[in-house]
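Engineer: Sequence:
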Amino acid sequence: MEDAAALDWNQVWKRRFALNQSTPAFREGADLWRGREQARRYAVRSEANRHARVAEAVKDLDISPGDRVLDIGSGPGTLALPLARAGASVTAVDPAEGMLAELQAASEREEVTGITTIQGRWEEIDPVRDLEPPYDRVVASFSLSMPEIRSALAAMDAVASGSVHLYWFADEPLWERLYLALWEDLHGAPYHPKPKADCLFNVLYGMRVYANVLMRPLDGTITFATVEDAVEHFAPRMSVETPEQRRILRDYVREYVRRDGGVSLTGSSTYAAIWWRKRG
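Start counting the sequence shown at 1319; every next residue gets the next number (my numbering).
Because the hints were derived from the structure by calculation, they are not lab data.
Quick caveat, the model's predicted, so the values are computed rather than measured.
Hints may be right or wrong, so weigh each one.
[Unchecked claim] Quick list of the computed label-pair ranges, beta carbon to beta carbon:
| # | residue 1 | residue 2 | range |
| --- | --- | --- | --- |
| 1 | 1444 | 1422 | 15 to 25 Å |
| 2 | 1415 | 1374 | 21 to 31 Å |
| 3 | 1576 | 1535 | 17 to 27 Å |
| 4 | 1503 | 1349 | 16 to 26 Å |
| 5 | 1326 | 1576 | 46 to 56 Å |
| 6 | 1452 | 1578 | 47 to 57 Å |
Here a beta-carbon is modelled for each residue, glycine too, at the ideal position from N, C-alpha and C.
Turn these sequences into a full structure, and let the hints guide you.
Structural biologist: Below you can see the structure in the form of structure tokens.
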């Protein structure tokens, strides 16, 4: 077996990422969440399952009023909103128009101020043109779908003055396990998982960034009132379009029906909280 220290972990990430992206009919990011309705459903659905994880992340970032935070891959405001409530000035970057629309609507509805939004992929952001560094905290929470991870991490470090915080999967979360189980039946080819946190740590190590790493449990329980609710939730994510594909998905979901007619899919996994303080 090749010595891990001799590997180019950036290339390992690139190969695994490219394989993931080669999965037939696979969509994510702006391709999946461009529409406002899809983004709204995501925001509502994720609200019930993220409280503990969000509380841990907010504690990790240790915000003081007036701190400037760069939130990369903000989604509908999962972290941006609570950080702004804590007194931070947040710049939220996300490639999906629908997600940023949901974030803006939520901030107006809750009368939360101090959030600026920028639409774009992190690898396309020009810090001089688009941002106002440095930032006391830079965070990327489950948003590291970047083909060239070393340069993406270097850019995060470059705009930080305090600390950088990454949250990413250590193994396959529930949704990837569903993809692994169903994708070939749905699309005639297997799903290839995303690169995981082992790549991240080793890329950072090769950059002489000696990050702190803490493994945490990720509760993967998802509940639905009916089978059809579950099908409607997963169909866009799995690029389900034909009646036959919907039948395959529906048959799978029926295996998890509770006695009351609801659906519970459970699959706990582990995620990594990785962070470092800016040197110098």
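Engineer: Compare the structure with each hint and give your call.
Structural biologist: Verification of the supplied hints:
The beta-carbon spacing between residue 1444 and residue 1422, approximately 22 Å, falls within the hinted interval of 15 to 25 Å. Our hint of 21 to 31 Å for residue 1415 and residue 1374 holds, since their Cβ atoms are close to 29 Å apart. In this structure, residue 1576 and residue 1535 meet the distance hint of 17 to 27 Å, their C-beta atoms being roughly 23 Å apart. For residue 1503 and residue 1349, the hinted distance range of 16 to 26 Å is satisfied, since their beta carbons lie about 22 Å from each other.
Separation of residue 1326 from residue 1576 is about 48 Å and conforms to the stated range, judged on CB atoms against 46 to 56 Å. One distance hint, 47 to 57 Å for the beta-carbon pair residue 1452 and residue 1578, holds here, with the actual separation near 52 Å.
Checked against the numbered hints given earlier, the structure satisfies every one of them.
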